[in-house]
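Chemist: Here the structure of chain V is known, so what remains is to put chains P and U in place on it, guided by the hints.
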Amino acid sequence: MTRQRLGVCYYPEHWPQSRWSVDAAMMKGIGLSFVRIGEFAWSRLEPNEGAYRFEWLSHAIEALDRAGLKVVLGTPTATPPKWLVDKMPEMAALDADGRPRKFGSRRHYCFSHEGYARECDRIIEHLARAFGGHPAVAAWQTDNEYGCHDTVLSYSPVALQAFRRWCEARYRSIETLNEAWGNVFWSMEYRSFDEIELPNLTVTEANPSHLMDFQRFSSDKVVAFNRRQAQIIRSHAPDATILHNFMGAFVDFDHYALSDDLDVAAWDSYPLGFLERSSHDDAFKLRYMRVGDPDFQAFHHDLYRACGRGRWQVMEQQPGPVNWAPWNPAPAKGAVRLWTFEAFAAGAETVSYFRWRQAPFAQEQMHEALLLPNAAPNDAYHDVARISKELSSLDARVETARAEVALVFDYESAWAWRIQPQGEDFFYFDLVMCFYRALRRAGLSVDIIPPIASEVAERRLILAPALFAPTRDFSEALAKSGATILLGPRTGSKTADFQIPADLPPGALRRIIDIRVRRAESLRPGARIRLSGQGAFVRWREFLALGESVTPEFTSEDGETALARSDNVLYLAGWPDEELLTNVLRRVFIIAGMSTLALPEDIRVRDNGAMRYIFNYGAASTDISALVGEETLLIGSCLLESCGVAVFRRRDCFHPAAQNTSQEATTK
Amino acid sequence: MTRQRLGVCYYPEHWPQSRWSVDAAMMKGIGLSFVRIGEFAWSRLEPNEGAYRFEWLSHAIEALDRAGLKVVLGTPTATPPKWLVDKMPEMAALDADGRPRKFGSRRHYCFSHEGYARECDRIIEHLARAFGGHPAVAAWQTDNEYGCHDTVLSYSPVALQAFRRWCEARYRSIETLNEAWGNVFWSMEYRSFDEIELPNLTVTEANPSHLMDFQRFSSDKVVAFNRRQAQIIRSHAPDATILHNFMGAFVDFDHYALSDDLDVAAWDSYPLGFLERSSHDDAFKLRYMRVGDPDFQAFHHDLYRACGRGRWQVMEQQPGPVNWAPWNPAPAKGAVRLWTFEAFAAGAETVSYFRWRQAPFAQEQMHEALLLPNAAPNDAYHDVARISKELSSLDARVETARAEVALVFDYESAWAWRIQPQGEDFFYFDLVMCFYRALRRAGLSVDIIPPIASEVAERRLILAPALFAPTRDFSEALAKSGATILLGPRTGSKTADFQIPADLPPGALRRIIDIRVRRAESLRPGARIRLSGQGAFVRWREFLALGESVTPEFTSEDGETALARSDNVLYLAGWPDEELLTNVLRRVFIIAGMSTLALPEDIRVRDNGAMRYIFNYGAASTDISALVGEETLLIGSCLLESCGVAVFRRRDCFHPAAQNTSQEATTK
Amino acid sequence: MTRQRLGVCYYPEHWPQSRWSVDAAMMKGIGLSFVRIGEFAWSRLEPNEGAYRFEWLSHAIEALDRAGLKVVLGTPTATPPKWLVDKMPEMAALDADGRPRKFGSRRHYCFSHEGYARECDRIIEHLARAFGGHPAVAAWQTDNEYGCHDTVLSYSPVALQAFRRWCEARYRSIETLNEAWGNVFWSMEYRSFDEIELPNLTVTEANPSHLMDFQRFSSDKVVAFNRRQAQIIRSHAPDATILHNFMGAFVDFDHYALSDDLDVAAWDSYPLGFLERSSHDDAFKLRYMRVGDPDFQAFHHDLYRACGRGRWQVMEQQPGPVNWAPWNPAPAKGAVRLWTFEAFAAGAETVSYFRWRQAPFAQEQMHEALLLPNAAPNDAYHDVARISKELSSLDARVETARAEVALVFDYESAWAWRIQPQGEDFFYFDLVMCFYRALRRAGLSVDIIPPIASEVAERRLILAPALFAPTRDFSEALAKSGATILLGPRTGSKTADFQIPADLPPGALRRIIDIRVRRAESLRPGARIRLSGQGAFVRWREFLALGESVTPEFTSEDGETALARSDNVLYLAGWPDEELLTNVLRRVFIIAGMSTLALPEDIRVRDNGAMRYIFNYGAASTDISALVGEETLLIGSCLLESCGVAVFRRRDCFHPAAQNTSQEATTK
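Residue numbers (our numbering), protein chains in the order written: chain V, 1 to 668; chain P, 1 to 668; chain U, 1 to 668.
Bound conformation, chain V alone:
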């Protein structure tokens, strides 16, 4: 099993060469193992066209190598230099208003521009040839944060041409496309693929099928762009570990698909920045201002573990205030350590901090680092030194096992409900997070899964809220799985073409629960569909017609089925508030025969193999002895302080249900 380790992001090009070995020694001194470099350095690697300058990079790698550090080398394609942009100005993406997105920051390119793709091939080819065999280069990062700053969708002429060809490849005949999109509506029919336009600047909203295909096309372009990089690297370094650093709450392309070309999925975890940018209300943001949403990071750890098929890491861990959120508070004392162990508990191979030293210049000068701009250690430097010691003492390793509970998260669904929310606050990501949070508050470890058949086996419980258009394969796998299944709302409500299924939602899923959704309504804030004593639907509610085999498990006060059940399959006919979701899951756990934990407020639990981690996201110390039982804590104490972490090794016979389950839980 892989030993869990620490890393950092470093920009040698920002500092004098004389500093590099000093930095390397300091890094090693606090227990870091990996150093990511190079991903924004194109203007230093090739200051003029064809004039490669790799010597400095070699020196930097050597300095790190000499200190015993391993390098993650980034391809510099997120920041093409000015000469390159000037050479092919039409490489710029166009925004939805048709304006070119200019040079002067980063990610100033259109994924559909073949000329730029060839430039990328060229620089990566040279880099891979130069460093692909270097023993200190442990991994390669492709580009940086694909899609950041809203860069997946481009409305450029080259994107238009590419989209037409993509449509042609998908539909073969224009008649098929017209049929699939329902273009007879409003006379939107095309006579040839060359008549197709991009779906921006339309008078009113474009056809959802059109928007969905443009989103798919755009996602495919990102995947292809990345694949090209991976292939070139592999051609020179066949054993290279290739990764990319994804972001949080970001769904603009299909991360599962892109990850197929990666060895490890990485993500950049900024708990405070993401919280500030989230749709949570002000009270929630104030409450967790210095520690972040207790479930947001864990969700992404699970998501990217799925993307990486078990292999994942944090590439950029927030070490202090950042510069890019609406407000940028300092983390609570202990929060950096809390976040780090939460990642390791979820099976991260590495947690890497961003960045080593705060740059005194340019856009991110207010983004903190392990070192201050004047090279003095900042708070996180000391945090990391402590963490690395604790990590050694735990001999922490990645352990992977399929979780009993699987929650479906699907990129097409995210696109679908963004394209057609039908109510202004129908946010797919938030809905899935509600489910995730409720599962985690029940003390369960969860796998996030894509809606594919191979993920279904060996589950006790599968949840699939708002799943856009499940495939026949996936539906069949569910049917055969034997697991308890919770569907809805909106699950199966469209075909892949973005049409309503011929015999109404949930379409193909009716084979596992015989209902028809005959009506859906969206609900403005304040509107609540109550279920007596069990909570309410908010935002969204559906009206079901039940087949004979289906019984109403819960009913709303206005007499509609709120939760339908057919044996071990349930369908939830709306967006549940917290109370209702808790009650629904309580019922579901009983049906699934699952035991849960009664966790105190703000306490979270995660198992990594035999190691159990307990986290306190609250502001007050909390007694967790009921969760620890007879075990001996390796780290932490039973009165767990704010931001505290407790770790113990579970006994083989350990069975939480025996001691700690909530009342309604049943033993398997």
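Please keep in mind that the hints were generated in silico from the structure rather than gathered at the bench.
All figures in this text were calculated on a predicted structure; none of them were measured in a lab.
Be aware that a few hints might be false.
Which copy? The list can't say, so a pair holds if one copy fits it or any two copies do.
Under the rule of at most 20 Å between Cα atoms (straight-line distance), these lysine to aspartate or glutamate pairs were calculated in the DMTMM-like manner [stated by the list, open to error]:
| no. | residue 1 | residue 2 |
| --- | --- | --- |
| 1 | K333 | E557 |
| 2 | K87 | D194 |
| 3 | K333 | E560 |
| 4 | K480 | D567 |
| 5 | K28 | D65 |
| 6 | K87 | E114 |
| 7 | K102 | D194 |
| 8 | K87 | D121 |
| 9 | K333 | D558 |
| 10 | K333 | E641 |
| 11 | K87 | E195 |
| 12 | K102 | D86 |
| 13 | K102 | E205 |
| 14 | K28 | D379 |
| 15 | K480 | D514 |
| 16 | K102 | E114 |
| 17 | K102 | E195 |
Modeler: Chains P and U alone, transformed into the frame defined by chain V:
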């Protein structure tokens, strides 16, 4: 008198031909009489330039005809097909930012583009020739919802040229225009009509006179576009009934002017969608979420009855949740019936539902219909079956009589205060609605009228809030009318050139009430100008100087005249809150010698000739026996349920004042 | 000493010539001395290219002269006529979206366009030649409200070229620029000045150094544009008094720098409009709706007195409701007089009202004036008649003396924190206003100063919040000054290149207080860093490391130094709420040995030499006898009415500390 009937909107091109006669039989089965078709079908009528394909339309009409249904045939000009747009890309409207509005939804044309107008001539010519004489074609609809999606104003080069010519025709000499607009201000003077620009993208706001004339020009263009269609249809079908389907709360062109070329004014009534989009506060929207604003539909019924000079109908009646509002809840049980009878009570010839069957594809797939996508009947199908039976039992017919109370609604006024609100929340439409609501809550039936002399006669009470620039003719008619007249605020505050009248507002209206408005102030939310015990002004308040013949009827606590009176003419010097408006109208009714009804909350009353309708927009059953008296209810009961409708035939001698007037009402 | 006088703005071109002498006599009759004319009249001065028409202007000047009025003549360059714009369409500024800003209002030019600058030279040359020697022309106003409507920044091609040359002149070599901007970050390096782009439409935010230099460049362009005008006027009228009318809360160019080419700094004071547009909360806006922020005008009086090096005036004083704020209420009775005396108390040479007569046409028709559109006197006409009499009775004159208290206000700082707020509500202007308000509520008269060495001498207290990048000279002057100095937050946190100082903030200021700011955090609304019993930090907080000579004067509840002190220098480590700022200043006044006044709520005091003015901005009459003591009031009474003004002549021996200081004040 015309018998009141039901209809539906249908898209045969969306369904297999084999389905058409099934649908037709079902329509007939629930008592429908009219079916609107064809209005978005250009790409099927002419899939390639000049290649007309009308056979399917003939078949569809025949299928309907065979079932005994009449057809309303729409011209397809709201959705020019792609080949046509590609042939003349400059037909696109440009938005205020100068961006072309692209193909991919609907209404993608500029009203000033002569090339496109000729294409419309051509297709209509062919359609009218083919179907103008068809006995099943009972009426023609021109285009669809002119102006929808903000399409009246276009900033295209062809619009610029046409605007210059329009100005030339209006002003003859550039000096006259400079004088009328006050262009000496800020050196905005032009030397020729060819120097005139469109009023977009100016550094700060453009001249209000410039904006007003651009709005008038744009309105004229819509009127001319429609007239051209009407003329072609009439040339082939001299007896054709021509109508257009207008929208709600929509004022971007002059609907009175356009209606001069129509036989019947129709409108598309979506009570829940319009409520969600309105400026009402959240509490109001929550309260009426499933039934709509109790007065909004009635207002538009009266407005479009005025437009159609007595002949009007609902072309699209909401049957369930729609897809286009911020939130789209389901109507309450009974709401569709309530809305339908509210329209018939106001004299609608037809109420036509939108649409027959929910399309599973494209932009409106979440818009409900009488049938579900799978052709099963949805709720509204059953509602309609019931309504048609009740309609027969009532033998309901259109009865028209001039109402004693007239409320002026004027498109130029709407434009004027949008151009120059002076306070951010001075919304003309909302102000007129306040007056309308207060009248309706007093149980009065109201005529909405344009500010023209011929509408003045035979009135007991005329109200004209915020009337921009009354003509001399209208002012004279008011002076001679003998009616009680309530003016203000802002009434007469401008000349037609958008200048302040030479001797101050109310300009020409000073002949009927000798006041001068020497100051106007707008008031932020929370600021209130109180009148002791009688309510307050909000949003807007004026300071009056009174002539000798004028007395202050109401005075504000800070000592200014709030309501001025000169015999039977009154001027209200501000925007009244609900309490103040009630008190003002109470006084006005006494002066006018009018009796009113004391209606319970959420109950509304409407007379259609001898038939009195009572509606319950509230959530609870309400005792209406005081409103019914000795009469026998034809429909409904004296304990009127939520969404309930009660109908009885008034006795000839029936005199509401004798039994049901509010205390302060006086007998005529 | 200059006698303080009244003026008005007048547009003879709006009225018939026959009216001019009538108006002039009326102006004289109410005691006006100065009349500003001409500043928007280009289309009348040169209706066609080269066809000058100055006769009407001569006549107008003569009419005013004959009545004994002096003229302030404006250059008409804010409103180039249509023919000029059509001749060189590329003179238009481009907005940040790249759209040309069109003709049709005013300020439609790019400051970088040399062609337009030459046109301005030409018209000014002709005007100066014609009127430069006219005895009635007392002063010249350049252009009008530079920068109004967001016109300083232009993204046009000519601006781009000019910016490249500006960068070249500043940095000499591109390597120096790359270093200064830190362009190695994100490969933003340029190889030549011709590769530099304007910082708009970048994918994410541009480099702050880039944005700062573009702001500096743009400011320089305004200064150069104005200098060119001043030089031409002076070449024909060597003794001309040249002024410009600045605005309120407007920082888009460096007003100190521009004022170096002026003799008098003027500003346009609209207390109600500015309040409505401010960032104050609704409660504050409602409370002061009719009188304005009690400190906003005073702040600007002091600011523009600094700009004018002692010589300043109000060019446009609000006389009634205006037309341009979100809401436009009427001033309270007495407010116009209150505002006028507040300006004179601060040493204004002239208070000039905008405008003489309300125009019935065009954009500002809802902007009130001394006369109504029909030439009848409006409220402010009578106010002015009273004021001019009182002014005579006081024999009011400008008296200037350096104030003991100086508050630094710096344009680069305003730009810096707009470019890099780091927290959404870090508004530099608001922060400085907080300090100003607290000083004024302590009864202190304050000088606003730029951060330059020559302003430091003879001060007892200097405050410099959020000063971006103090120069070495200024730092040294502070070090030598002997004054009590209050710095922070953010003061000295950047170098002039917009980098973090090499050894951390406060950079060069560490020589006067040995601290390092190791961390800064921004705080969302609701987040408070409490100091027990002394208030809290909001919005912003810093973490300090203290040198040996520094002691924590205040400490936050979480244990960080909130106010650091080194002898007479203090550093405030956050944005104080009102309570904290009061407590901090109380301490600072003691250290500085300053006495203060205990003013009742809404009462303000200002000394102009030996004359003390007391103002009541509250809604209720207030007893001010404690502030008056033994003195005899020349104007007003000890029970000062709402909007009241009281004036008395201070005895030479008058010493407020003896009678009226707050408890904690110490005697000097």
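Chemist: Does each hint fit the structure? Answer for all of them.
Modeler: Checked hints:
1. Within a single copy, K333 and E557 get their C-alpha atoms only as close as 47 Å, which misses the 20 Å cut-off; across copies the closest is 15 Å, which meets it.
2. In this homomeric assembly, K87 and D194 come within 20 Å of each other (Cα to Cα) only across copies, at 14 Å, whereas the closest approach inside a single copy is 28 Å.
3. For the identical chains of this complex, K333 and E560 are inter-copy neighbours only, at 13 Å across copies versus 49 Å inside a copy, given an alpha-carbon limit of 20 Å.
4. For the homomeric pair K480 and D567, the shortest alpha-carbon distance inside one copy (13 Å) is at most 20 Å, but the shortest distance between copies (80 Å) is not.
5. In this assembly of identical chains, K28 and D65 lie within 20 Å of each other by CA distance solely inside one copy; the values are 10 Å within and 85 Å between copies.
6. Proximity of K87 and E114 under a CA criterion of 20 Å is satisfied intra-copy only: 14 Å inside one chain copy versus 30 Å between copies.
7. Within a single copy, K102 and D194 get their C-alpha atoms only as close as 28 Å, which misses the 20 Å cut-off; across copies the closest is 15 Å, which meets it.
8. In this homomeric assembly, K87 and D121 come within 20 Å of each other (Cα to Cα) only inside a single copy, at 16 Å, whereas the closest approach across copies is 40 Å.
9. In this assembly of identical chains, K333 and D558 lie within 20 Å of each other by CA distance solely across copies; the values are 11 Å between and 49 Å within a copy.
10. Within a single copy, K333 and E641 get their C-alpha atoms as close as 11 Å, which meets the 20 Å cut-off; across copies the closest is 55 Å, which misses it.
11. Proximity of K87 and E195 under a CA criterion of 20 Å is satisfied inter-copy only: 11 Å between copies versus 30 Å inside one chain copy.
12. Within a single copy, K102 and D86 get their C-alpha atoms as close as 11 Å, which meets the 20 Å cut-off; across copies the closest is 29 Å, which misses it.
13. Taking CA atoms no more than 20 Å apart as the test, K102 paired with E205 passes between copies only; the shortest distance there is 11 Å, against 27 Å inside one copy.
14. In this homomeric assembly, K28 and D379 come within 20 Å of each other (Cα to Cα) only inside a single copy, at 17 Å, whereas the closest approach across copies is 71 Å.
15. Proximity of K480 and D514 under a CA criterion of 20 Å is satisfied intra-copy only: 16 Å inside one chain copy versus 72 Å between copies.
16. In this homomeric assembly, K102 and E114 come within 20 Å of each other (Cα to Cα) only inside a single copy, at 18 Å, whereas the closest approach across copies is 26 Å.
17. For the homomeric pair K102 and E195, the shortest alpha-carbon distance between copies (12 Å) is at most 20 Å, but the shortest distance inside one copy (28 Å) is not.
Going down the numbered hints, you'll see the structure goes against none, and every one checks out.
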